[in-house]
Amino acid sequence: MLATTNRPEFALATKSIFEQEPGLENPQETTSSPHRRWNHSTVEQDLENIRSWLSTEAPGSLEINCIAEAQFTELEDRINQEDLRLRYDWDPENQRLSLFMASPLHEVPGGWMGSLLEWLQRELRLVCRCGTPSLINGCSGIVEYPNGRRMAPDTGIFVQYAIQPEIGPEIRVIVPFPRVVLETAFSQSLEDARRKIHAHLHLSDEHTHVGILCNMKKPVTCEEDFWATIEVWTRDIDENNTDDQLPYEVIDFKHEQRKLEEGVEPVINSGEYSPSPTLAGSDPDVTLTAETDGVTWPESGDGKKMRRRWGPVVLIKEGAKTSRGVPADDPRPGDTLPLNVYDFLRVCREHDGPGMWMDPNELLLPLDSLKEKIMDMVLFNRESIRKKSQKTSAQPLPPPPPPSAPTKRGNPFKEMRSFKRSKE
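Remember, our numbering sits 168 above the position in the sequence shown when you count from 1.
In short, the hints are calculated from the structure, not lab data. Computed from a prediction, not measured in an experiment: that's the story for all the values here. Please note that the accuracy of each hint is not assured.
Label pairs and their calculated CB-CB ranges [stated by the list, open to error]:
1. E338 <-> L285: 15 to 23 Å
2. E261 <-> R554: 44 to 52 Å
3. S537 <-> T300: 25 to 33 Å
4. T210 <-> R253: 19 to 27 Å
5. T210 <-> P333: 50 to 58 Å
6. Q213 <-> G336: 53 to 61 Å
7. N315 <-> Q213: 24 to 32 Å
8. Q213 <-> R290: 46 to 54 Å
9. E540 <-> P569: 47 to 55 Å
10. N262 <-> E338: 40 to 48 Å
11. T300 <-> R554: 49 to 57 Å
Pairs of lysine to aspartate or glutamate, EDC-like flavour, derived with a Cα cap of 16 Å [as the list claims (entries may be wrong)]:
12. K473 <-> D404
13. K541 <-> E275
14. K472 <-> E374
15. K473 <-> D373
16. K472 <-> D404
17. K473 <-> E359
18. K472 <-> D373
19. K473 <-> E374
20. K556 <-> E225
21. K541 <-> E486
For each residue, glycine too, the CB sits at the ideal point set by N, CA and C.
Make the full structure from the sequences, and use the hints.
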């Protein structure tokens, strides 16, 4: 058994705030992007359709069906040659290619996650017993899975270990697939974002532990009705079966456990954490009771599912009010997103015992900076919309009057002859 049998209940979840606030009854409908789809005919026709799709003012997502692997490879090469910088999900089993163009607002959550890596790495090194872990930001690089599926997550966080064996030089081991992925539902649809997280969790040979999903209202308009939520998904597994939940790293050489730094404590350790019915720093009227969510996706089918472990939690809701009736776009100031040491690390099979487990510390990712960056970009988009509207709605100026005809002037030499000279 692994350390998770004694860890605190870090996997608390909240019920959806959409059940209580009428402005967000169905986020899936309100966040849908314009979606185009067609069946593959030729690579040239696909390219022409892609160029036409990209020429629209706000392209949503695009799906090409019935495209075989050879045609996909050729199309991928052509897309790269034209430097279109598209993000895609290639599913060879269903012969489906999903594409979208990430907007600046879409990229904000991934940038926020990347900004936390240095702090997360420092916290993980305080408790990791075997090897020195490093976190690598794979950004939106292509990840290829054993079944041929190729996806570009909005952000993928990889783990690398530096291990000193008993004999020989230091060895570096990098996990082949991202440990944590983040997807944003804005430039891509909510359905596509969930589908990608599901694939990351189940196609990675269980190397991917967590999928973070940030969902934002689209499109941004000048109306103050924008909202954004965030949630955490994991594989739908038996919480008591820790061997299934936390499979071992593949490290097949002898090594000693690291000596942890004395007198240095993580920001929050297991002894200091106690579950609370509300999330810290939130207003009672908009904070939801913390309880196991249990929502799984997809809802139907006998295949593997994923479970929402936490959320959705509202990041921004314009027009929201506090318990005192004060307007507040941020209904949950000071909120954090709870991850855990075991979302990034695993128990070494050479040192599996109660005295050698890592402390299952909770890692609370601050959300205020994410909210601020999202709203900054929303306000920037609105200003762009206003300027464009003013430019198109401005009354055209009347044309200038035609220039007056120049006065016809006679021959100056003839005029000079008309003057009579006077004798001095």
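Evaluation of the provided hints:
1. As the Cβ distance of E338 to L285 is approximately 22 Å, the hint placing it in 15 to 23 Å holds.
2. Between E261 and R554, the C-beta spacing of about 46 Å keeps the proposed range 44 to 52 Å intact.
3. Roughly 27 Å separates the CB atoms of S537 and T300, a value that falls within the hinted 25 to 33 Å.
4. A C-beta distance of roughly 23 Å is found between T210 and R253, which places it inside the suggested range of 19 to 27 Å.
5. With their beta carbons about 54 Å apart, T210 and P333 fall inside the hinted range of 50 to 58 Å.
6. Separated by about 56 Å at the C-beta atoms, Q213 and G336 satisfy the suggested range of 53 to 61 Å.
7. Hint check: N315 to Q213, Cβ distance near 28 Å, so the stated range 24 to 32 Å holds.
8. A hinted range of 46 to 54 Å for the beta carbons of Q213 and R290 is consistent with their spacing of about 51 Å.
9. The hinted range of 47 to 55 Å is satisfied by E540 and P569, whose Cβ atoms lie roughly 53 Å apart.
10. The hint said 40 to 48 Å for the Cβ distance between N262 and E338, and at roughly 43 Å that hint holds.
11. Between T300 and R554, the C-beta spacing of about 51 Å keeps the proposed range 49 to 57 Å intact.
12. This hinted pair checks out: K473 and D404 have alpha carbons roughly 5 Å apart, not beyond 16 Å.
13. Taking the CA atoms of K541 and E275, the gap is near 10 Å; set against the 16 Å cutoff, the hint holds.
14. Restraint check for K472 and E374: the C-alpha separation of about 12 Å stays at or below 16 Å, so the hint holds.
15. Note on K473 and D373: the hinted pairing holds, with a Cα-Cα distance of about 15 Å set against a maximum of 16 Å.
16. Restraint check: the Cα-Cα separation between K472 and D404 comes to about 7 Å, which is no more than 16 Å; the hinted pair holds.
17. For the hint pairing K473 with E359, the CA-to-CA distance comes to about 14 Å; that is within 16 Å, so the pair holds.
18. At most 16 Å may separate the alpha-carbon atoms for a hinted pair to count; K472 and D373 meet this at roughly 13 Å.
19. About 13 Å separates the Cα atoms of K473 and E374, which keeps this hinted pair within 16 Å; it holds.
20. Distance hint between K556 and E225 is fulfilled; the C-alpha atoms sit about 12 Å from each other, no more than 16 Å.
21. For the suggested pair K541 and E486, the alpha carbons sit about 15 Å apart, so the restraint of at most 16 Å is met.
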